[in-house]
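Chains as they are written, first to last, in numbering that gives the first Met the number 0: chain A, 0 to 371; chain B, 0 to 416.
Just so you know, not all the hints are guaranteed correct.
[What the hints assert, rightly or not] From the structure, some residues in chain B lie toward chain A, with a derived Cβ separation under 7 Å:
1. G129
2. L148
3. Y149
4. R174
5. L377
6. Q380
7. L381
8. V393
9. M394
10. S398
Calculated from the structure, these hints are not laboratory results. Note that the structure is a prediction, hence the values are computed from the model and not measured. For every residue, glycine included, the Cβ atom is placed at its ideal position computed from N, Cα and C.
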Amino acid sequence: MTGSRSRRILLGAAAPIGAIIFSLLVTSLLLIVTGHNPFEAFGAMTSAFERIRVVLGAVNQAAVYYLAAVAVAIGFKMNLFNIGVDGQYRLAAMLAAVVAGTSWMSSLPGFLRIAITLIVAMAVGAAWAGIAALLKVTRGVSEVISTIMLNAIATFIVAYLLTPQMLAVLDGNNISTPKITEGGQLPVVSFTGSTTPLYSLVLLSIIVGIIYALVLSRTVFGFSIKATGMSETAAVASGISVNKMIISAMLLSGAVAGLVGMPELLNGSSASYSLNFPTGIGFTGIAIALLGRNHPVGMVFSALLWAGLDSSANALQGVGIPRELVTIMQGIIVLSVVVAYEYVRRYRLVLEAKDVAKALAAPKTGAAATTA
Amino acid sequence: MSADSEVVVTPPTYKARRSLPPAAWLGIVAAGIAVVSLVRIWTGADNLDSSGAIQAAITAAVPIALAGLSGLWSERAGVVNIGIEGMMILGTFGAGYAGYQWGPWAGVFFGVVCGLLGGLLLGLVTITVGVDHIIAGVAINILAPGLTLYLSRLLFTDAPGGGQRQSPPISDVGRITLPWLSDWLGEIEDKGWFFVSDLAGIIRGFTTNLSLLSILAAVLIVVSTFILWRTRLGLRLRSVGEAPYAAESLGVNVFRYKYIAVMISGSLAGLAGAFLVVGLKFQDGQTGGRGFIGLAAMIFGNWRPYGMAMGAGLFGYTDGVQQYDSSGTAMHAFLILVALALIAVAILQYRSGHKIVAAVAAVIAAFCLWWFSATDELPQQLVKAAPYAITLLVMALASQNLRMPKADGLIYRKGGG
């Protein structure tokens, strides 16, 4: 069946590539309408990657996005929509930063400090997601609504805790958690000719991706997640406890979400959680998971694309085009890719129906030939 | 057949809906004011119901109510609209762009049109193509702020009084003040009498400096209720949200009604955005999650207009009053009101047999009272979280009473039943 295999890959790639081309067309149109030259814009964006600094920044960023995407994808695999990754990672990063910055941590060996920081982050993320899971299982509350509410509540809790009266310290004009002292962070890889280093926690994203792939394809738990996502009734019939799956998938998703802030915290130069800490990565994660179809490798490509677009935005400013052009491109890519996936899905059904019809017709004509 | 005649047909027993007579509602409102008045006198938090606080609450509540109404229209036709926030952002831009050039009402109109376009986009993706509603909404929420900021940088940077992230100032629509009544009520309010001054303060808040757009919003809520529950269009629109294939079998054009719903939904979200802009200016990030609070208000109100309006009023109150009351005492006193409301919920739930829910409500009420006695003022960040926490609480405690449209969020395909 080599023919159908290549067809599958072709159809799988058609949607994202089509979406990217479509977004290029729409943004070109927008550029022309607003009096800019599209070639100049896209040329500036591509030439940004001639600088190694920009490439390294994009890789670091992609690693962060990938973690968020995996967190979202774990939920997606069983039709759970964890919109709350955003709140989960911010609350987790903040509290982990507070723990990592405490003075008693300084006396511990480095690996233990890193481990404690990561565990706190995962625990906080899982706990915050756990509220939504608990509400869904016990009271039937839609996780979409509850996680939207929990996102907002997390925002204000972080704002409340990030005051000098509570857990933060005033550092010049910036309010941040106490800085992590020497040894509490992980080393970064410096490159010559680049002010931006490569984050060592890119490795964390790779590990999480491999675990995600293995759990999904090689374990009973992963099978149960996929089965529940495809048909809840079938899952129940085969003895899977849906409630248990909801709780564990949501907790896992939250734990991975907790890791999203870690590259910035443990590799970043600020070594603390402050008002400048990146926000909104949870929603980027949703977009990347959609674009990559929750596939461990697909999401690598989409995370790199997303981060690449982000890093090229500054180059647009140089030719007098607002950097938000990139956000528009990203928005159009998500919208058109989900539309394209829907059409590809329908086209695939048509092709399958044709194949089945052909397969059924073949022996019949053969039989007819022998009788004749 | 004779056997048939012996079958006793028992008429289906409908649980009588508890609809209270108007007099009872009046009594409840009066009792509510009396309680608020007692709390005000006891704590000395005059801004609990001063006319200024009420005005601030109305200003904060209107965009939330319009966003909630936006969600109500689309969800009643079975389309979940997570993109209200994005459509509001489009509305703020449209209002800013047209408003500074051709006046506030042109701004309102363009805000509505921009919101409508957002609604059409949601309709195209969810209804025609059949993409998951929540995914489409999230995508719109990514697209809208990028698009508006891009255009803002191009169009407003060189405009007089504008900037990269904001439009030039926009004049206000008309505001109504009842001339002699307002002053007279103000005098009574200043006396600080039990009940009378509170009533005067609340009425004065509603009759002083009231924006025409606030009145329009109130009218829209009433009209929406009428259309959705008293007209043929409304019946069909709701049938599409409850049982699209049944509606289809009766000859209802499901696509058409879903499109009508998302277009109205988008327009209302655009109006909500325009409300924020008119009298001020377009600013990047101006909506500040109000689209989501509107969604919360809709759920709080059980997908019904007046319940939604109550939710919007409550959330607008916490938002507006805490901004107005710089001393922070009003929100502190508000804790007692929350505790009292929760105690009432606990009693009602206990009587209808939900003992665990009643216990949870009572525990949270006790926590509120303890919080009140242990502190002097509430941190404002936590007050801002109140609408979301209250909605979460309502969903957790009263989910057995909440009922969303049955086919809400499900993808409809023609003839797919």
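Hint check:
1. G129: G129 (chain B) check passes; min Cβ-Cβ to chain A is 6 Å, inside 7 Å.
2. L148: Since chain A brings a Cβ to about 5 Å from L148 (chain B), closer than 7 Å, the hint holds.
3. Y149: The hint holds - Y149 (chain B) has a Cβ within 7 Å of chain A, the shortest such distance being about 4 Å.
4. R174: With a minimum Cβ separation of about 31 Å from chain A (threshold 7 Å), the hint on R174 (chain B) is violated.
5. L377: 10 Å, violated
6. Q380: 4 Å, holds
7. L381: Given a least distance of 6 Å, the restraint on L381 (chain B) holds.
8. V393: Where the cut-off is 7 Å and the nearest Cβ of chain A is about 10 Å from V393 (chain B), the hint is violated.
9. M394: 5 Å, holds
10. S398: Holds - the Cβ of S398 (chain B) comes within 7 Å of chain A, reaching about 5 Å at its closest.
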